[in-house]
Amino acid sequence: MAPALIFVGVFVLVPLGQLIAMSMTDRSLLGGGRFVGFGNYIKIWNDAGFWRALLFTVKYTIVLTPILMILGFGLALLTVDNTPLKRLTRTVAFLPVVIGLSSSSLLWFWLFDEQVGLLNKLLTDLRVIAQPMVWFVSADLAFWAVVISITWKVVGFGMVLFIAGIQSINPEIMEAAVVDGARYWARVFRIILPLSRRIILLTTLISAIGSMLAFDQFYIMTSGGPRGQTFTAVYWIYQNSFVSFKLGYGAALSIVLTLIILAFSTLQIALTARSEAK
Amino acid sequence: MTTRTLRAALAASLVASTAVAATARADTMTMWVRASGTNAASTLVNLWNATHSDKVELTTIPDNQMVTKLATGVQAGEVPDLVSFDLIYMPDFMKAGFLTDLTADLKANPNFASVAKAYVDIATYEGKLYGAGFTPDVSILVWNKDLFKKAGLDPDKPPRSVPEIHEDAKKIHALGADTYGFYFSGSCPGCNIFTTSPMMVASGSKMLPANGNDDALTGEGVKDVLEQFKEMWSEGLVPKSAQADNGSNFVALFKTGKIGVQGAGGFLISDLKRDVPNMNFGVTFLPGMKDGEVSSFVGGDVVAIPVGSKHVPLAKAFIAWELTDEAQLEGLAKNNILPSRPALADNKYFAADPRIVTTAKALGVGYVPWVYHFADMVNSDSSPWINMLQRAIFDGDVDGAIKEGREKMKAIAAE
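Protein chains in written order, with the numbering used here: chain G, 1 to 278; chain P, 1001 to 1415.
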């Protein structure tokens, strides 16, 4: 117990305390800084840029999380058996997970490029579009470009978690269902899904928290544009802390974001626990 | 052992120990350089190391980490002996007290008098000097002579004003739908302060406020240039992809030979010669609204000594050396890099290519804004500068964009 407490204290509580202390100052990256009390928090309340970035982040999370869940679960169902072909398919689907997020974002940035991007070439060759598209010129297109890239990048992770969950279900339950005449989709919805509830919660939490903390993909693919419409909350914190040098304000923004994520996660866990109790 | 042998042995050991002592006295300085300046800095450092017993050890820092790294380094007392960084951070670093005062040394240096004025201005704070030009870059206008010829324009006559760029661009775009007259990176604040702002400055405008009481975006030059850009955009003379280009394609399209005219940096000359050796292109100063008005943005790196450097005299010797003819010509010009002394533009290495001479001379007509919070005001992805350009050019609201830009820049300058 004690080593765990020391670990949490040194690596979580002390830095968190320092962050809270810094959020009460107007400290600059270039040094200095006076105590300003809750001044930074009052400033956040009036920071339209932050709220817009936060709203955009929530939209991104709400759109991306179900996509990752459904595709991850679907892939898991397709590849859950341990045949050589399905193992190979799993490996292929999981491969992008081990690529760095920055590398994959850069890869997709160029795939979407109007001049040299393979995606435009494919779409024009298939006559889906007449002219190559400029993906990052509109906030909506840029949003979907990032969603596509991230889905490719992380869907394999959810798949692996779901496979682990499905494989841990007692085979006798499935066999009994088959004997009782339950068809495939009935088994999926009435046995596999309910018994995968913990995995679903875990995957949802990982996906939602990851999306709420999105930064690299937007920094590399959209640079927050067009017109700052694709700034995420973390990107906004980065801008304030390291571009505008406002470390104190950036710290306050980080505390607010942490509290928001904490509140959502607690709510999610509570709701799941309640449904399990029923 | 005879007395003579003993004496010889003693003498030999004395010589050897002297040599060892001399070797021990040779110091190694550390130097941080931002990634985009590494190649140029390496040529100078290699020359120094080849000609001096004291050595410089170069460490590359990613561009976007330099401020953080130097700031934390100074506060922790862990700094290099020399640092080469983007000159726009000079005012912030000088004000923060990060840099060593070099006034006496630089003023006593005869070579310093011929350093480009922009470098002297940007390195001056409250009458004192804190750095020197190191590896310069400067903005220029490039034009594709082959396209000019095809469009019936004189390939040896570059546009001499922004309206002339506009007229030439119309004729070049008439060559075909996929050939464009003009290009700029519409979502890249840094590219545009580098290439678009000099057109405004040449037209008599002042760009950025030095403090909250100073005016921003003054004069008609800002409006006139934005109007021209807006018209070129709405007339389809600029590729649609320009609107979303955050700098990734800053010069890529020009290399394809489908762009008639664009602002760029001096670095493009060697890029084009290497990547598209058959392209026939010209280089001239960035023009203003009227014939004869020219300017450029002086960029690149300055070199300074962080407070806490452990080899200050040696670091000062390096800075004095990098301004000499030897370093400027054999270290920089020989490697197709601009010297920071414009008077050295006409040298034997540049003689073969007048385009490089033009670029080197652009340093002499260039400007660099002396402001705090440059990144916030200009380089940030949500800066008032890029917002103004986009609102004016792509939305067509020139007056509204300038008004908003002025207000936001002043608010940042007042912080």
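It is possible that some hints are incorrect.
In silico DMTMM-like cross-links for lysine to aspartate or glutamate, where the CA-CA straight-line distance does not exceed 20 Å [stated by the list, open to error]:
1. K1410/P - D47/G
2. K1408/P - E114/G
3. K1095/P - D26/G
4. K1255/P - E114/G
Please keep in mind that the hints were generated in silico from the structure rather than gathered at the bench.
Evaluation of the provided hints:
no.: 1; hint: K1410/P - D47/G; verdict: 18 Å, holds
no.: 2; hint: K1408/P - E114/G; verdict: 33 Å, violated
no.: 3; hint: K1095/P - D26/G; verdict: 17 Å, holds
no.: 4; hint: K1255/P - E114/G; verdict: 16 Å, holds
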